[in-house]
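S.K.: One letter stands for each residue in the lines below.
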Amino acid sequence: MYEWLLGTGMSQSLANIIMGVLKSLIIIVFLAVSALILVLMERKVAGRIQNRPGPNRLGPGGMFQTFADAIKLVSKEDVVPSGADKAVYILAPLVIFAASVALWVVIPFGPNLVVQDLNIGLIYLAAVTGINVLAFLMAGWSSNNKWSLIGSMRSAAQLVSYEIPLVLTLVAVGMMAGSLRLGDVVAAQQGGIQNWFVFPQIIGFIVFVVAGMAEANRKPFDLPEGESELVAGYNTEYSGFRWAVFFLAEYANLIVFSALATTFFLGGPSGPLLPPIVWFFIKTYAVIFVTMWIGWTLPRIRIDHLMNLGWYVLIPLALINLGWTGLYVLWRG
Amino acid sequence: MAEREDKARPEGETAGAQTFPEEIQPVVDLLNKHYPDLSPAMRADGWLEVVVDRQQSPEFFRFLRDTRGLEFDYLSDVTAVDYEDKGFQVVYHLISIGLRADRTHRRLCVKINVPRDDARTPSVVDIWPTANFHEREVYDLMGVVFEGHPDLRRILLREDWVGHPLRKDYVDRRPPRPRVVEKAPGSWR
Amino acid sequence: MAKTSDVLGEQQLGVPAEQELFINMGPQHPSTHGVLRVLLKVDGEVVTDAKADIGYLHRCFEKIAERRTVTQVIPYTDRTDYLAAITSEWAFVMAAERLMDVEVPERAEYIRVIVGELQRIASHLLWFGTFALDLGATTVFLYAFREREKLLDIFQKLTGARMLYNYLRIGGARNDLYDGFADDVRRFLDDLEDRLHEYHTLFTGNRIFESRVKGIGVLSAEDAIKYGASGPVIRGSGVPYDVRKAHPYSVYHRFDFGIPIGKDGDVYSRYLVRMQEFYESIGIVRQALDQIPAGDFIGKVPRRMRLEGDAYARVESPRGEVGVYIVGRGEENAWRVHYRSPCFTHLQLLGPLGVGGLVADMVAVIGSIDIVMGEVDR
Numbered sequence: 001m002y003e004w005l006l007g008t009g010m011s012q013s014l015a016n017i018i019m020g021v022l023k024s025l026i027i028i029v030f031l032a033v034s035a036l037i038l039v040l041m042e043r044k045v046a047g048r049i050q051n052r053p054g055p056n057r058l059g060p061g062g063m064f065q066t067f068a069d070a071i072k073l074v075s076k077e078d079v080v081p082s083g084a085d086k087a088v089y090i091l092a093p094l095v096i097f098a099a100s101v102a103l104w105v106v107i108p109f110g111p112n113l114v115v116q117d118l119n120i121g122l123i124y125l126a127a128v129t130g131i132n133v134l135a136f137l138m139a140g141w142s143s144n145n146k147w148s149l150i151g152s153m154r155s156a157a158q159l160v161s162y163e164i165p166l167v168l169t170l171v172a173v174g175m176m177a178g179s180l181r182l183g184d185v186v187a188a189q190q191g192g193i194q195n196w197f198v199f200p201q202i203i204g205f206i207v208f209v210v211a212g213m214a215e216a217n218r219k220p221f222d223l224p225e226g227e228s229e230l231v232a233g234y235n236t237e238y239s240g241f242r243w244a245v246f247f248l249a250e251y252a253n254l255i256v257f258s259a260l261a262t263t264f265f266l267g268g269p270s271g272p273l274l275p276p277i278v279w280f281f282i283k284t285y286a287v288i289f290v291t292m293w294i295g296w297t298l299p300r301i302r303i304d305h306l307m308n309l310g311w312y313v314l315i316p317l318a319l320i321n322l323g324w325t326g327l328y329v330l331w332r333g
Numbered sequence: 001m002a003e004r005e006d007k008a009r010p011e012g013e014t015a016g017a018q019t020f021p022e023e024i025q026p027v028v029d030l031l032n033k034h035y036p037d038l039s040p041a042m043r044a045d046g047w048l049e050v051v052v053d054r055q056q057s058p059e060f061f062r063f064l065r066d067t068r069g070l071e072f073d074y075l076s077d078v079t080a081v082d083y084e085d086k087g088f089q090v091v092y093h094l095i096s097i098g099l100r101a102d103r104t105h106r107r108l109c110v111k112i113n114v115p116r117d118d119a120r121t122p123s124v125v126d127i128w129p130t131a132n133f134h135e136r137e138v139y140d141l142m143g144v145v146f147e148g149h150p151d152l153r154r155i156l157l158r159e160d161w162v163g164h165p166l167r168k169d170y171v172d173r174r175p176p177r178p179r180v181v182e183k184a185p186g187s188w189r
Numbered sequence: 001m002a003k004t005s006d007v008l009g010e011q012q013l014g015v016p017a018e019q020e021l022f023i024n025m026g027p028q029h030p031s032t033h034g035v036l037r038v039l040l041k042v043d044g045e046v047v048t049d050a051k052a053d054i055g056y057l058h059r060c061f062e063k064i065a066e067r068r069t070v071t072q073v074i075p076y077t078d079r080t081d082y083l084a085a086i087t088s089e090w091a092f093v094m095a096a097e098r099l100m101d102v103e104v105p106e107r108a109e110y111i112r113v114i115v116g117e118l119q120r121i122a123s124h125l126l127w128f129g130t131f132a133l134d135l136g137a138t139t140v141f142l143y144a145f146r147e148r149e150k151l152l153d154i155f156q157k158l159t160g161a162r163m164l165y166n167y168l169r170i171g172g173a174r175n176d177l178y179d180g181f182a183d184d185v186r187r188f189l190d191d192l193e194d195r196l197h198e199y200h201t202l203f204t205g206n207r208i209f210e211s212r213v214k215g216i217g218v219l220s221a222e223d224a225i226k227y228g229a230s231g232p233v234i235r236g237s238g239v240p241y242d243v244r245k246a247h248p249y250s251v252y253h254r255f256d257f258g259i260p261i262g263k264d265g266d267v268y269s270r271y272l273v274r275m276q277e278f279y280e281s282i283g284i285v286r287q288a289l290d291q292i293p294a295g296d297f298i299g300k301v302p303r304r305m306r307l308e309g310d311a312y313a314r315v316e317s318p319r320g321e322v323g324v325y326i327v328g329r330g331e332e333n334a335w336r337v338h339y340r341s342p343c344f345t346h347l348q349l350l351g352p353l354g355v356g357g358l359v360a361d362m363v364a365v366i367g368s369i370d371i372v373m374g375e376v377d378r
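Chains as they are written, first to last, in my numbering: chain A, 1 to 333; chain B, 1 to 189; chain C, 1 to 378.
Here chain A stands alone, though its shape is the one from the complex:
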């Protein structure tokens, strides 16, 4: 298509811009659709775990329930609380949404099916996930609500401390693959299940899943919005479409995290018989299912225990993993 655009006599930079817009539109649509599917999946999984059918009225198996909810959210009145810092309040959902969309730039859905395979993909991921913290702080601070403020402080503490083990495991993966480009990471795992990084990197995988769940605010790490404690945490004052954007970003983060786990440890889009993109989604949704399973079973962890887990358990484990990976790579030559 890029070539076709150039063929119409368009300048190279304009073609680049058009391609970029198209790609990001595709990503946004993909995220919105995935969020709809995930909400339904979450409800169904939670329902099954909790001994109830889940949504089952609207459409076959309650399929259209999430659409109805989405329509309801979009058509709600747009409320900005009095005393809120209006500009920041409005900006916060946009920032978090932008951050979660930007992450998708480097994730390969299949061979050559990637927006932009950056050669510093890993560093890019680590950098962009940091923007989430900013959005949470903005939302909590501007809401003029003490519960929101506490929630955003919690999320800042949580995200900053779980970023470190997350990045450390990614570094180990980069060492295994010998490249920071995500395409190379996937390529290094080609040729069957025995080449997946999950086996040499089992410690890294566990650390990544735990830290990733914390990054994505999944239960039992949903402290920034822990309902029974903080009412709704940083997004207490948000309603309607703005809240829906937060919600969307949250699910986008969940998919990103699962997609990263798939890419780094489970061989990415590789697999027999089925086309690569199908394999990619099968693996991603398997990881998502596991996080839901964990989340709906366990009670919520407490903030100081969470920090202890991050600093005293996950970071040392990640460091050990890093050292072991270095030795392994040296031995492998």
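Keep in mind that the hints were calculated from the coordinates and are not lab data.
Keep in mind it's a predicted model, so treat the numbers as computed, not measured.
Even glycine gets a Cβ: it sits at the ideal position worked out from N, Cα and C.
Hints are supplied without guarantee of correctness; some may be wrong.
Chain C regions said to be covered by chain B (calculated; three or more residues, Cβ under 8 Å) [to be verified]:
| no. | region |
| --- | --- |
| 1 | 45-58 |
| 2 | 191-203 |
| 3 | 291-305 |
Here are a few chain C residues that sit away from chain B, every Cβ distance over 10 Å (derived from the structure) [what the hints assert, rightly or not]:
| no. | residue |
| --- | --- |
| 4 | Glu62 |
| 5 | Asn175 |
| 6 | His247 |
| 7 | Gln276 |
Once you have looked at the hints, place chains B and C on chain A.
M.R.: Chains B and C alone, transformed into the frame defined by chain A:
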């Protein structure tokens, strides 16, 4: 009757207040020894009952809590009754629980008469901290002031409420609301 | 954030120090179990002061009770502790019976014990679910409700209502047990025993759960007595005080049951006490079903009731010691009715238990003392 198998109700206890159940007798003896003019009486529901003067109440309560053999360390309830012309009566229900193994769970009901025009009595919060909310409630609904209470505010009603509803002479100052019953649509009446 | 003043907070808790913050936990908050408002002073997330502000549900039950005849008051007692309606009815009915010297037939006493203990199970099931929900374990909530639903079906079959039964009467109960009640209850109890095992495997041994509740909200035995705690709260602190044993009412002295007590007085101890009380209640109901005699379900009651004198009756409700003090002056109406609510007393403990912990611990503490606001505000 609920406690007919219980030892708390022996035969003929209504005839004279002088026969007491076995486990209450030591309490009565101790009370008679230190406060001869109290004349404790047995109530039909198995509680020993004494009426105390409000001036002597703080030291009496301290005596009840600290004396060996009494040890009423548990304040079950504080309430007040409005007897109109006879004034208010503040009622305390005390139980001895204790940490030791040989518990008898003695029960005692202490009543304090409070005149209507001077509705105040010493607080017992420093003796039993649990009295805090109970006394606030009595103050709120009955208007008995507990002197020495650390935080005597209304607890159930609004801060700006006027009057004390459980008093028998309480008049609801709110204008009576008209009773609106709408006819159901399609009703033939 | 804009600077806001909190006048009421400053009145009650004093001016906050630098770095301290007032938070209103409630009246609209997911884990205050109704409309409780807790004023919190926090430093970061550490609670430095806490006070309960109540009265949002106040209906002045005691004033209403003065204007109605004794029998008419019974439905109102349901609405005090709406999760354990039978036990509040029981306390009121017992106090009125003591004033009038009404004989309660033996079968009626057994019916009361059975229904009362089933009510305890129902109430504890709800507590178990909501407590877990407070700690963020949503699944446990629905598991507990599944069992409670079966029990409420039995109640519905017996009394016609699922929560507010209006079932006990002065002198007995409104109606006899229906045919097949014993089988229904036995089947339910057998099922519940299996399910309790399931609950323990799901929740009790969980590492996150234990770290959330062990050593949190410690209440010493001395403090428990001083602050007038009762029920599972005082027993969790190691004081074996239970009205059913201390001053046996009804026919409780005929049953063989234990009083579970806790060791440490923390949230975990109170949790374990309640979990063990399930088994004790199951045992009592089974014994009562075996022993229940034939006979009347309601005794001879004078057509025109006259209340004379005063009486204080206490029962052990799922939450603690419920007491009803009635004064009569020879009329059909009570001159004064006072309802002693355990939760009202327990709310004073929020300060001593919650200070020094985190906001999340405050939630665990509120959950562990199992409050029902209808009973607190009356």
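S.K.: List in ascending order the numbers of the hints, as given earlier, that are violated by the structure.
M.R.: 2, 3, 4 and 6
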